[in-house]
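There are 2 protein chains.
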Amino acid sequence: MKKNHLLAPGPTPVPQPVLEAMAKPLFHHRTSEFESHFADIRDGLEWLYQVNSDVISLASSGTGGMEACVSNLLSVGEKALVVEGGKFGERWSEICRAYGVITDVLTVTPGHSVNITDLEAKLIEGKFSAVLIQASETSTGSKHDIEGVSQAIKKVSPDTLLVVDAITALGVYDVQPENWGLDAVVTGSQKALMLPPGLAFVWLSENAWKRTEKSNCPSYYFNLEIERKSQKKNTTAWTPAISLMMGLKVALSIMQEEGLENIYKRHAKLSTSTREAIESMGLNIFTKDLIAECLTAVEVPQGINGKDIPKKMQSDCGVTIAGGQGELSDKIFRIGHLGYVDGDDVLVAVSALEKTLLELGCKFEKSVGIAAAQRSLLA
Amino acid sequence: MKKNHLLAPGPTPVPQPVLEAMAKPLFHHRTSEFESHFADIRDGLEWLYQVNSDVISLASSGTGGMEACVSNLLSVGEKALVVEGGKFGERWSEICRAYGVITDVLTVTPGHSVNITDLEAKLIEGKFSAVLIQASETSTGSKHDIEGVSQAIKKVSPDTLLVVDAITALGVYDVQPENWGLDAVVTGSQKALMLPPGLAFVWLSENAWKRTEKSNCPSYYFNLEIERKSQKKNTTAWTPAISLMMGLKVALSIMQEEGLENIYKRHAKLSTSTREAIESMGLNIFTKDLIAECLTAVEVPQGINGKDIPKKMQSDCGVTIAGGQGELSDKIFRIGHLGYVDGDDVLVAVSALEKTLLELGCKFEKSVGIAAAQRSLLA
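Quick mapping for you: the protein sequence lines, in order, are chains A and B.
Take 1 as the starting number for the first sequence in the numbering used here and just add one per residue.
Take 1 as the starting number for the second sequence in the numbering used here and just add one per residue.
Next up, chain A with everything else stripped away, as it sits in the complex:
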């Protein structure tokens, strides 16, 4: 017998009350019953986003939410600046290209955060309709200083929209769409929201809503204006993913009970304790500059095949972590600690990692990692 533990940077574990809410008999969505639930959900999403205007729910994975931003806010032939510091930065570029949006790329070395001076230089150089960026680049564990990026844009190119993929950031650490002057913020259900994948969420600023009127890219299923009209009436334009929405209502209420401040503190503690455990084993954290508290990205020690670490942790310990993606596939591994994760989960992950690395031939004192994690958790 071996218990399973999901410690990937998404999907994340789903709390039992959320699983149970999704397992209730189905009911029809064109009813006052659904409208009443959806009104609560909309309030909860505004609370989570720290905003006073509509957060649009979409029945898709997070990539659909990213596409909605591009197809609703930009036009064919317009120029967008993409901050590419990993796989999800690249995804912004791919979506832009699919829609005929011209992309200029500000390349950030994977594991690093965007340099605001470099960004300002790019913005002065060319006139961009939008900057597309990740709050947290899930493939590297890097956090970009979104507030600083927004200030830079306001200073040197105030007509440029700031479009933020916050899929592994929102509900993990503080992101303030309205206070920081962001224009579009996307998230997905299978991260901090503690749900299975299948829902995406998009908030737009008033400026961004105005921009949707000018966009000439086609959109139908992901047309945010069509959805906004319906969602203001507590219904959806297309059939909603009813069971996931019922889980969402419960997940939001669990988050509201914990409170945003506590949620952010918990994730910070999980991040610190994981990092300290890793370093105590003599391993190197891959992420330089700002570390996103959603995951810990670790360099694979020399002499070890990077893919063996997640594989062995899964097969021998029942612990699911993630390897690297793309070019980083055998160079790093990533331990997720966002959503329904607590200190005990970090201890389990660190214990499995210790066991695995020792068996793969790494040299460090047995229990040094878990002891460091425990000290950090108790600090």
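Not one of these hints is a red herring.
Intra- or inter-copy, both count: the list cannot distinguish identical chains.
Below, a list of computed lysine-lysine pairs in the PhoX-like style, where the Cα atoms sit at most 25 Å apart: (1) Lys3 to Lys249; (2) Lys127 to Lys210; (3) Lys210 to Lys232; (4) Lys24 to Lys2.
The hints are simulated quantities; they were obtained by calculation from the structure and are not laboratory data.
Note that the structure is predicted; figures quoted are calculated from it, not measured.
Here the structure of chain A is known, so what remains is to put chain B in place on it, guided by the hints.
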């Protein structure tokens, strides 16, 4: 205490083993575990579709699947012929217009099926890249003769693709994409597949796959070629709706146990018994020509506010049926009997309808409807 009964034309009731499968702890999708489940799912979908090639799964509602057909198969400025016999026919036109596809409309009076001679005349008149149609028009209960439509296209305009919305048809009555020479067939999870909404499925013919290479409409999240490459390897390009996929595996196995022939016979019996019950109460079936076995559409009796019927059946009897949509909103009501529905459910629906109509002032002998339903079920 009043039990709830969902008898809408979607969403439909979800069997307990499917609910339980969706309520299991989440696991990661980039694993051999998911790949193994997805291999079974892909086999099951090919069985359901009666095809020997890929059925693509999408994390979206059925409308997303419809959009995928338009954006992958057609190009800006190309002409498409839309058969519009109700709200979902109109949806094809709306999606085409959103993508700059020029639509010509063959209007079919709501409640009627397309006349093949009229269709041939249209096809001879103009050169169309595709014909877009519903197998079953959910807003009216009409079935179009898709095999006949396909033969007409092959005869007079063989280069025209036939794109079929079979969202309330597939798994209800016989639709044979390969044998009938169809080019694209869409369905969704919340109908015959007995799942919550949140998944769409698209099958394409070899000709249609070739057409995707020529399409100049943008697509990314709904890019079928990107998905096909991944799904051939038993994974998905974007994050799949994992819990719904796990429910899908169980739902498909339940359907396979019943067998397609029995599934079709069951739906035919439910359709006949509902219709005979309705007629025995002196009401008129709205659908003329071919009746789709997924639902029974009924004309609201004179002197009654059409919206009162579903409302009162819901509030007094716990039975969810659907009203009319758009212009038909107070003229018809629709009893769904597709998916996880049996004869007992029809008896419950008819009983609630009798009670409701009598209380609203209709004149017929008490129990005449349920007696007719029972006789039909026992026939």
